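Trainee: Here is what each chain is made of, one letter per residue.
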Amino acid sequence: MSLREKGAITGVGETAYSKESGRSVLSLQLEASLKAIEDAGLKPTDIDGVIPYASGVVAEDFITNLGLPDLRFSAVTPLGGASCVAAVQCAVAAIASGICNHVLIPVGRNGASQGRIGTRVQYMPQFRVVGEFEMPLGAIAPAQLYAPMARRHMELYGTTSQQLGEIAVSTRANAILNGNAVMTKPMSIEDHQASRMISDPFRLFDCSLESDGACAIVVSGADRARDLRRPPVVVMGVAEGHPDSPSVITQRPDLTRLGVAKAAPRAFAMAGVSHDDIDVAEIYDCFTYIVMCQLEDLGFCKKGEGGPFVESGAIRLGGKLPINTHGGLLSQAHMVGMNHIAELVRQLRGEAGKAQVADAEIGLVTGYGDMGDGSVAIMRRG
Amino acid sequence: MSATGIYNKLVPEPTPHSAPYWEGLNQRKLLLQKCQGCGKIRHYPQPMCAACHSMEVGWVEASGRGTIYSWTITHHAFHPGVRQDLPYILATVVLEDGVRMNAQLRGVPAKTLCIGLPVRVAFETVKEGLTLPYLIPEEPA
Chain F
4 MSLREKGAIT GVGETAYSKE SGRSVLSLQL EASLKAIEDA GLKPTDIDGV IPYASGVVAE
64 DFITNLGLPD LRFSAVTPLG GASCVAAVQC AVAAIASGIC NHVLIPVGRN GASQGRIGTR
124 VQYMPQFRVV GEFEMPLGAI APAQLYAPMA RRHMELYGTT SQQLGEIAVS TRANAILNGN
184 AVMTKPMSIE DHQASRMISD PFRLFDCSLE SDGACAIVVS GADRARDLRR PPVVVMGVAE
244 GHPDSPSVIT QRPDLTRLGV AKAAPRAFAM AGVSHDDIDV AEIYDCFTYI VMCQLEDLGF
304 CKKGEGGPFV ESGAIRLGGK LPINTHGGLL SQAHMVGMNH IAELVRQLRG EAGKAQVADA
364 EIGLVTGYGD MGDGSVAIMR RG
Chain X
38 MSATGIYNKL VPEPTPHSAP YWEGLNQRKL LLQKCQGCGK IRHYPQPMCA ACHSMEVGWV
98 EASGRGTIYS WTITHHAFHP GVRQDLPYIL ATVVLEDGVR MNAQLRGVPA KTLCIGLPVR
158 VAFETVKEGL TLPYLIPEEP A
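Chain order of the listed sequences is F and X. Position 345 of the first sequence, counted from 1, bears residue number 348 in the working numbering, the numbering being contiguous throughout. Position 106 of the second sequence, counted from 1, bears residue number 143 in the working numbering, the numbering being contiguous throughout.
For the record, the hints were derived by calculation from the structure and aren't laboratory data. Incorrect hints may have been included.
[To be verified] Computed, partial: chain F to chain X, Cβ under 7 Å: (1) 139; (2) 147; (3) 197; (4) 201; (5) 203.
Note that the structure is a prediction, hence the values are computed from the model and not measured. Glycine included, every Cβ here is placed at the ideal spot set by N, Cα and C.
So here's chain X without its partners, still in its complex pose (with noise of 0.2 Å):
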């Protein structure tokens, strides 16, 4: 937020082929195309299978579980919108469905972070009908 209480980050445009997955994010599920003529689970929503060219598409729910592959920790900022956030991580990680996403991981130290870390996703609603992804550590089993 604002000093001024209005949100003043950047904020996604679904597109039609998108749309599920944002209102997906809305109730707090995290959503994944699947191919309808294959099977094949992708990420970030396309209208098109890579693999088989199907454009019929089905939305499966992932377990948002998943491990880290990567990360940056950023310490300046780009959009007026992330200043009061800095510094945050940016962790890429390998949900458990075979695909990547990207979001704010928070809660774990910079030192710990690692390559194979176990993290899930959270939702965090930020405005009236926009609700986002973060990432945090995955409690131990």
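The following block holds chain F by itself, in its conformation from the complex (with noise of 0.2 Å):
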């Protein structure tokens, strides 16, 4: 059994995003979650399954908060920050084979205001292996752990931190579009040149924010979605890939490879399209060249050439393939990727305002998460 085409995106739902909510991070789910439900034009007791994100909020405090009368799924997909695609993967699993209806996958943090992530690492199981043998050594933190894949990439193929800076700076313009960014200021190449840098290559502005609010997406049986109140986003395909040495980078064979390159075959066969039939991408952007490596990974462009390709404007509105027009992480805020999948519905649904891609038909989202974990979803409008 296939999952094409078996599940849709039928409801988003979004908090205000700042640096400091006031708020428990699970009042801001809850206050997404039920945005969602809301758009989907479903009553919380229609929820039957739920994957509840890494944050300390448990399936529980849904069924408790929202009333659900009878979950029948929940599950969890710790990849980091590609738990968000993994877990429209898992939901349509679950609707396929007849567990449940509708899923409600919630995100949410006080990843500014709380405890920021070079802390938070320390007690994350997936960074055991690095907490033990590199953290003592002061390789602590995301930005320095992905740095020499980024230096790697600069030396064997003349990449640039002006190429980096494109893929920043195009973001930035992406997010003054959006209603609802935290950053909003206009950055140039100079700009990023000038911020400080915080583990070379990679400088401020390479690295995404640290934010708080919420994000949470329903998942239907695309049988059940057309029926519902809003056009639905179908999943036409959708992956998970994992890494070579996916607990550390350092042992990785090949360092500017990630899990996405395993998972983006795999999700373009489900759908049975082509890199030329997608009209819009959201892509994870920790850091800008995440971003670069993912490109490449998907096959959007060759290995190596991911600096000429967001150098010749291809990523910008106007572009041939214009991504992360709502900001991002690196300039809207850092709500895990789900406000990505978000994204992508509000494209695809035509509702993303002065950031609409025109006719948009047929879009990708990716997640990258940990030491290297990806996942991918190909969607269509409805």
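Can you join these two chains into the complex? Each is in its own frame, and there are hints to help.
Mentor: Here it is as structure tokens:
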């Protein structure tokens, strides 16, 4: 059985994104969940599956607060930033197998106002091996752990900091068009080059935000989705992929290849579309380089050609492949990539406002997490 | 060290699988796991050989020589304990034994960093019972 076109995103909901919510993570997630359920035209009691994000909020919290009478399915997909798209795969699989009908996938955090990433990762089981062997030597945060991948790419292929900067600059331009973005000041390549070095080659503006807020989606069976309130966004293909040496980047045979390189051929084959069919893409952007590497691993350009590809203007609105039309993790908010799924849904419904890609019918969204876990979904207007 | 002289960096929590590695460092030796089933050397320590699935483990001393594979230069203190080290180079190094390791590289100007640069492992005891590896440039032969 293939998951092709078995599920659809029927509802999306987002809170305001900020640097200090002043609220609990649970209340943020409940607000986003209610909005997503309402957007789908469902009642909370229709939700019979939930896939919570590993944020301390659990399925029981949703049963209790939403008053779910008969939750039939719960799971977690612990792939860090690849969790959200991987959760879509999990939800569609559960629906297609007949376990449940409407799966809620909430994400939310006080990433800015509470524990920062350099501290949070010390307690995450996915960082256990690095925690023992590399953190005591000073390699502590994702910026430091991922930077050698970018440096290797630069040394092998001549990729430049300015090319990474184009990703930050174009993403900021998109955030300015979004009504719910934390960063709204225009950024130039000069601004990017002047931003302070964090862990070379990553400057401050190569790094994503730390944000407060929540985002949730509802996944329903494709057949039921047609009867709901909004035009469904059908999941054509979806896959997750784990990189070689998944716990430690240092030991990875090819430092420039992420888990999404394994997932992408499966997702494209399932969807039955080619790269030229993709009208818009929301690419997980915890760091600028991670976007560039994924564009290569997904097959939008060859390995090593990501720099010239982005420099050509291809990823800007109006370009060959507009990406991160909402402002991404770099400039909208770090909502673990659930905001990427929400934006793809808006694009395919034709509701993306000033950032709308004309006639967007088919789009792609990715996740990237931990030491290189990947996930990718291809969706179409229903 | 912190201003009060107390070691305030992150410290490892050895497991039964990694304890010999940490004990080796205390004796200023870089020990690598060698599978007793197929002879494959692996790093960092894990309970099972992914090639033959043997859980019989031996330990061999690495030469400590290797070459740079990639690096980053950290300018931001992600933990209070590293603030006085800034900026510092973290190098990913291919050891002669075939596996890689990551450690701070000292004594190399940033502008001379390149893939293939020869380095070797050195050791420093940072607190009682904890010796850590770091990297220095290999002396020309």
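Trainee: Honestly, which of those hints from before does the structure not fit?
Mentor: 3
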